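Assemble the whole structure, with the sequences as input and the hints as a guide.
Per the numbering used here, the sequence shown starts with residue 47, numbered consecutively.
None of these hints come from the bench; they were simulated from the model. As the structure is a computational prediction, the values presented were derived from the model and not from experiment. Not one of these hints is a red herring.
FRET-style restraints, in silico, Cβ to Cβ:
| id | residue 1 | residue 2 | range |
| --- | --- | --- | --- |
| 1 | Arg-337 | Glu-98 | 37 to 43 Å |
| 2 | Leu-360 | Arg-216 | 41 to 47 Å |
| 3 | Thr-96 | Asp-390 | 43 to 49 Å |
| 4 | Ser-72 | Gly-163 | 18 to 24 Å |
| 5 | Thr-348 | Gly-300 | 33 to 39 Å |
| 6 | Glu-298 | Tyr-447 | 26 to 32 Å |
| 7 | Gly-340 | Ser-423 | 36 to 42 Å |
| 8 | Glu-393 | Pro-436 | 25 to 31 Å |
| 9 | Gly-269 | Pro-323 | 16 to 22 Å |
| 10 | Ser-106 | Gly-324 | 48 to 54 Å |
| 11 | Glu-98 | Asn-285 | 39 to 45 Å |
| 12 | Ala-214 | Ala-289 | 53 to 59 Å |
| 13 | Arg-337 | Asn-285 | 19 to 25 Å |
Derived DSS-like pairs: lysine-lysine, alpha-carbon spacing no greater than 25 Å straight-line:
| id | residue 1 | residue 2 |
| --- | --- | --- |
| 14 | Lys-174 | Lys-204 |
| 15 | Lys-174 | Lys-404 |
| 16 | Lys-204 | Lys-421 |
| 17 | Lys-426 | Lys-138 |
| 18 | Lys-138 | Lys-421 |
| 19 | Lys-426 | Lys-204 |
| 20 | Lys-174 | Lys-406 |
| 21 | Lys-204 | Lys-138 |
Think of the CB as a built atom: it goes at the ideal place given N, C-alpha and C, for glycine as much as any other residue.
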Amino acid sequence: MNKTMLIRCLCASALSLLSVSTWAASCSDLFQLGSEQVEITAAETRANATLEQRFGEPLSLAPHCRLAATLRPRPTSEIGMEVWMPTDWNGKFLALGNGGWAGSISFPAMASGLAAGYAVASNDTGHKGGSAAFAVGSPEKVVDFAWRAMNEMTYIAKSVVETYYERAPRLSYYQGCSTGGRQGMKEALMFPNDFDGIIVGAPVNNQLTLNATQLDSMIRFIGDRDLALSQEKVEMVHNAVLAACEVNDGIEDGFLNDPLSCGFEPESLQCGRRDDPGTCLTRDEVSSVARAYGGVYSESGTLLYPGHAMGFELGWRIPAEGSEPTPLQTDATRYLVYEDADWDWREFDLERDLALVKDKAGYIEALETDLSAFKASGGKILFYHGWNDPGPSPLNTIAYYEGVLETMG
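Structure representation (structure tokens):
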């Protein structure tokens, strides 16, 4: 028995008390699906519900049955999840991913899927709040975040849907972006029978590496302001890129359709002896631009994470003077490696700490390029990534795609 089959069997065993019933269920009947590992906290019909949003007007929700539950596949697990089943069901199931360090259910995405007639489900990956502080002293919660929460939720949600409608979904889909993209890739790699189709957006499939290399870049800027470009100079670089390469597109529309064909050289903007430094780039600034495009390398010359695509410049995340790195950049090292909320990011060492976090929690990442099991199951996977993404690089997604082609032909 391989590792994936063993994990699937363990999950099925732990959740054996939640079985599909032969009786027609009303929404409130779903409380009876609870077990020692599955606490049903709500089962209610909602005819005129609305969803409050942080920004914008409240969303009106299509009439549906709402089930909320807490999953405890391990003694320390506390995975919050919800399933919404529309009155007018299209016969399909849609699971939705998270962003960042998660810590909340993706309700707006659920609302969109519900409006299209899907039975939808999402989870909080096993903790509350968008920080990795949950990892301190709780290795099982890190596993929940890495892959188990999504897989457990999918197993439970499908059982709930089949019980409520008295038939299984005819198709099951997954959709997620950023961390959600990584979650979808883990599903395809580890549980190839969970979904018929997976949509992966801008995946942080090598999340630990991305966090570490971003932190290294931020520390460089914070420690040496000569390396940091002003917003005016960022705009100057962006305009120079468009001037050099937009003609290749055949249309002037303010962005590059094929950044990979752009041959812009940052050195073309470097100041000469008589130039005003305010209208050109210093040697240090040129090195920063070249690094942004070229990626971050180890001391031995190994590419750790690829650079950004030309044209991304206006979204370049350059910290303001006196600022600090964000939790998205520091938390992997702070909580997964040192498990210390007071850890000082100024002590970060890229190669040492990246090696430590990978050794401790490398299973978070989705690096394997063999998707043959998912293909054999009949699954389809769709990747998308915006060229101008200032976070996870589209070049990283292209590199993964090329790795799949190399592995699978």
